[in-house]
Amino acid sequence: MSFAISILEQGLIYGILALGVYITYKILDFPDLTVDGSFPLGAAITAMLITKGVSPYLTIPISFAIGVVAGICTGVIHVKLKVRDLLSGIIMMTALWTINLYIAGTANVPLFAQKTIFSLASENTLFAKMGTYITVVISLVVVVICKILLDLYLKTKSGFLLRAVGDNDVLVTSLAKDQGNIKILGLALSNGLVALAGCIFCQEERVFEISMGTGTIVIGLASVIIGTSLFKKASFMKATTAVIIGSIIYKLCVAVAIRNFSPQAMKLITAVLFLIVLIISGRKKTKANGMKA
Amino acid sequence: MKKKLLCGILSVGMVMTLLVGCSSKKDDTGSKEKEYKIGITQFAEHGSLDNCREGFLKGLKEEGIEEGKNLKVEYKNSAADMSLSGQIADDLVNSKVDLICAIATPSAQTAYNAAMKTDIPVVYTAVTDPVAAALAKDDGTSVGNVTGTSDKLPIKEQLEMMHEILPKAKNIGIMYTTSEANSVSAIKEYKKYAKEMDLNIVEAGIAQTSDISLACDGLLTKVDCLTNLTDNTVVSSLPTILDKANKKNIPVFGSEIEQVKIGCLAAEGLEYTDLGIQTGKMAAKILKGEAKASEMKFETITKPGFYGNTEVAKNLGITLPENLTKNAVDMFDKIEASK
Numbered sequence: 001m002s003f004a005i006s007i008l009e010q011g012l013i014y015g016i017l018a019l020g021v022y023i024t025y026k027i028l029d030f031p032d033l034t035v036d037g038s039f040p041l042g043a044a045i046t047a048m049l050i051t052k053g054v055s056p057y058l059t060i061p062i063s064f065a066i067g068v069v070a071g072i073c074t075g076v077i078h079v080k081l082k083v084r085d086l087l088s089g090i091i092m093m094t095a096l097w098t099i100n101l102y103i104a105g106t107a108n109v110p111l112f113a114q115k116t117i118f119s120l121a122s123e124n125t126l127f128a129k130m131g132t133y134i135t136v137v138i139s140l141v142v143v144v145i146c147k148i149l150l151d152l153y154l155k156t157k158s159g160f161l162l163r164a165v166g167d168n169d170v171l172v173t174s175l176a177k178d179q180g181n182i183k184i185l186g187l188a189l190s191n192g193l194v195a196l197a198g199c200i201f202c203q204e205e206r207v208f209e210i211s212m213g214t215g216t217i218v219i220g221l222a223s224v225i226i227g228t229s230l231f232k233k234a235s236f237m238k239a240t241t242a243v244i245i246g247s248i249i250y251k252l253c254v255a256v257a258i259r260n261f262s263p264q265a266m267k268l269i270t271a272v273l274f275l276i277v278l279i280i281s282g283r284k285k286t287k288a289n290g291m292k293a
Numbered sequence: 294m295k296k297k298l299l300c301g302i303l304s305v306g307m308v309m310t311l312l313v314g315c316s317s318k319k320d321d322t323g324s325k326e327k328e329y330k331i332g333i334t335q336f337a338e339h340g341s342l343d344n345c346r347e348g349f350l351k352g353l354k355e356e357g358i359e360e361g362k363n364l365k366v367e368y369k370n371s372a373a374d375m376s377l378s379g380q381i382a383d384d385l386v387n388s389k390v391d392l393i394c395a396i397a398t399p400s401a402q403t404a405y406n407a408a409m410k411t412d413i414p415v416v417y418t419a420v421t422d423p424v425a426a427a428l429a430k431d432d433g434t435s436v437g438n439v440t441g442t443s444d445k446l447p448i449k450e451q452l453e454m455m456h457e458i459l460p461k462a463k464n465i466g467i468m469y470t471t472s473e474a475n476s477v478s479a480i481k482e483y484k485k486y487a488k489e490m491d492l493n494i495v496e497a498g499i500a501q502t503s504d505i506s507l508a509c510d511g512l513l514t515k516v517d518c519l520t521n522l523t524d525n526t527v528v529s530s531l532p533t534i535l536d537k538a539n540k541k542n543i544p545v546f547g548s549e550i551e552q553v554k555i556g557c558l559a560a561e562g563l564e565y566t567d568l569g570i571q572t573g574k575m576a577a578k579i580l581k582g583e584a585k586a587s588e589m590k591f592e593t594i595t596k597p598g599f600y601g602n603t604e605v606a607k608n609l610g611i612t613l614p615e616n617l618t619k620n621a622v623d624m625f626d627k628i629e630a631s632k
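Protein chains in written order, with the working numbering: chain B, 1 to 293; chain H, 294 to 632.
Keep in mind the hints are simulated off the structure, nothing from the lab. Some hints here could point you the wrong way.
Chain B is nowhere near these chain H residues, computed Cβ spacing over 12 angstroms in every case [said to hold, decoys possible]: (1) A373; (2) I381; (3) D383; (4) D384; (5) A407; (6) N525; (7) K590.
Sample of chain B residues facing chain H (criterion: CB under 7 angstroms; computed from the structure) [said to hold, decoys possible]: (8) L8; (9) K82; (10) Y102; (11) I103; (12) P110; (13) Q114; (14) N124; (15) T125; (16) N168; (17) D169; (18) S211; (19) A239; (20) P263.
Virtual Cβ for every residue (Gly too), placed ideally from N, Cα, C.
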């Protein structure tokens, strides 16, 4: 049981990240590498604020806001300065390394002595009864709120335009809207969510470490691809739900690899499990198509 | 239908391996008495950290706790990945080990965080500054059910040793990774002692392995000799640095035995295997119930030892002073290939 709990904890927290990556990768069709910097950016600002005595709850909106700023920067570099998409992400990711170091002060900020949203909640009588489930419950609450807000947003006029930019940008131009601005908006939202994931992760692990962003994009993309391809045919399920489940499945793959194989083989096993999941979902799709025909 | 079945079987299989993995191990601890089960979480694959781990098991063995006999070891390595490190720590706590040995600072922090809600003690090693890492209080006492050993460098001794070998050297170059908290605090201390000795520290900060070549070229034009910290990224690329320095006939000093083995001139440093052994003995006390991690201060290796490499000295045209070599812990007469 406790194994399932820690996989859910990690999977749900990285689910927020998956929501962010979903916006850029699936909706905007923009491979955004900024996340390798904006994830630790959220963590850095959280660690700095918490050590300064700011309420842990306040760090959530603040880290979202600072992630939005990072996303806007990437967007401006790409749209206004006409730098290629991949490159503008790399530029921001590189710049954020130093910015994160400045914000946090040092490369490693422990938060063992400070209060976090999780420890504050365990003081609350309502949550205290949940014992070991507390982290999972809070992560679930945060990720569900993010998901619902994102779903609601995607149904607004602005949300529809955002989806149109990725699918059919001619349409957007024909509606007399500037697709550049919409792209910037999408990147801002995405990186806001990613920084929020960094904020929660930092409080859960109780440490900020500058290298914690390395490989974030891989986890994010893997979660999005697993989620969307596995539940492609499940029309009752929203893509936003699918990517969160994708994130949990990704963490399950990692946990299986950690549990059962030697440390050297772990990355390979994770890759193989990841491949198997993709093959299965790919086959399901062709089969379903065949049935329709 | 077949494919759907395959998909179902696979997912069930994955979950089962998880559950079977933990249930079978539970039986082992329950059936025999005095059978210890420990988990080791190591942050990266790295010569010095590997030595720590081997030393740790040796230290336990010297206290009568031997792998294969009355000890089960679960060894995990997070390949320098923070999110993985957290998941590994959770995994070890969930498999209800008797003690977690955490090697290097990030691993120690994730392990302590995961074990905080349980009564599993954490023993760390290769943490340079346990106070800055919030694993110990200012006076060295523990902050919780956690203790261990620090690999703080004997910086003053190192500078004195360098001055003795190269009395004319004034500018000392150090390369370090800006992301490693250990290195940043070591640089600060180097500067403090260098000022007292009227020496000048020239630092070059890098962000990743690919920066090393350029940074090294730049640094070598400005210094009389180089010295190393225990910086993971820099030490991993030591062969590149040695190659560049040798071409310019600039001596490179190390910070521990492995570095001297593979071609640093000398080091006033620590032996990670010894540090591991010391840590293993602390862990043995905790496992046997003789001491509590929460009541133990963290330890450091008190007396550093001198290591020298005579082949390197010959290549550079330097003779190592006799009063250093006669007290050396270990001297090497050839350069070994790096691990």
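At 12 angstroms, judged by beta carbons, does H/N525 keep clear of chain B as stated? About 10 angstroms separates H/N525 from the closest Cβ of chain B, which leaves it inside 12 angstroms; violated.
Identify whether the interface hint at B/N168 stands, where standing means a beta carbon of chain H within less than 7 angstroms of its own. With a minimum Cβ separation of about 33 angstroms from chain H (threshold 7 angstroms), the hint on B/N168 is violated.
Please verify that the nearest CB of chain B lies beyond 12 angstroms from H/D383's CB. violated, 4 angstroms
Does the CB of B/Q114 sit less than 7 angstroms away from some CB of chain H? Not OK, violated: B/Q114 not within 7 angstroms of chain H, min 9 angstroms.
For the restraint on B/Y102, tell me whether the closest CB of chain H is nearer than 7 angstroms. Violated, because the Cβ-Cβ distance from B/Y102 to chain H comes to roughly 11 angstroms (cut-off 7 angstroms).
Checking the smallest CB distance to chain B, is H/D384 really beyond 12 angstroms? Given that some Cβ of chain B is not farther than 12 angstroms from that of H/D384, nearest at about 5 angstroms, it is violated.
Given B/T125 as an interface hint, is its Cβ closer than 7 angstroms to any Cβ of chain H? violated, 18 angstroms
Confirm or reject: H/A373 is not an interface residue toward chain B, with every Cβ-Cβ distance exceeding 12 angstroms. violated, 7 angstroms
Next item in the hint list is B/P263. Is there a CB on chain H closer than 7 angstroms to its CB? Constraint on B/P263 satisfied, holds at 4 angstroms.
Taking the shortest Cβ-to-Cβ distance between H/K590 and chain B, state whether it exceeds 12 angstroms. holds, 17 angstroms
Under 7 angstroms is the threshold here; is the Cβ of B/L8 close enough to any Cβ of chain H for the hint to stand? violated, 11 angstroms
Do the numbers back the hint for B/P110, that is, is its least Cβ distance to chain H under 7 angstroms? At about 3 angstroms, which falls below the 7 angstroms cut-off, the nearest Cβ of chain H leaves the hint on B/P110 intact, so it holds.
Hints 1, 2, 3, 4, 5, 6, 8, 9, 10, 11, 13, 14, 15, 16, 17, 19 from the list above are not met by this structure, while the remaining hints are.
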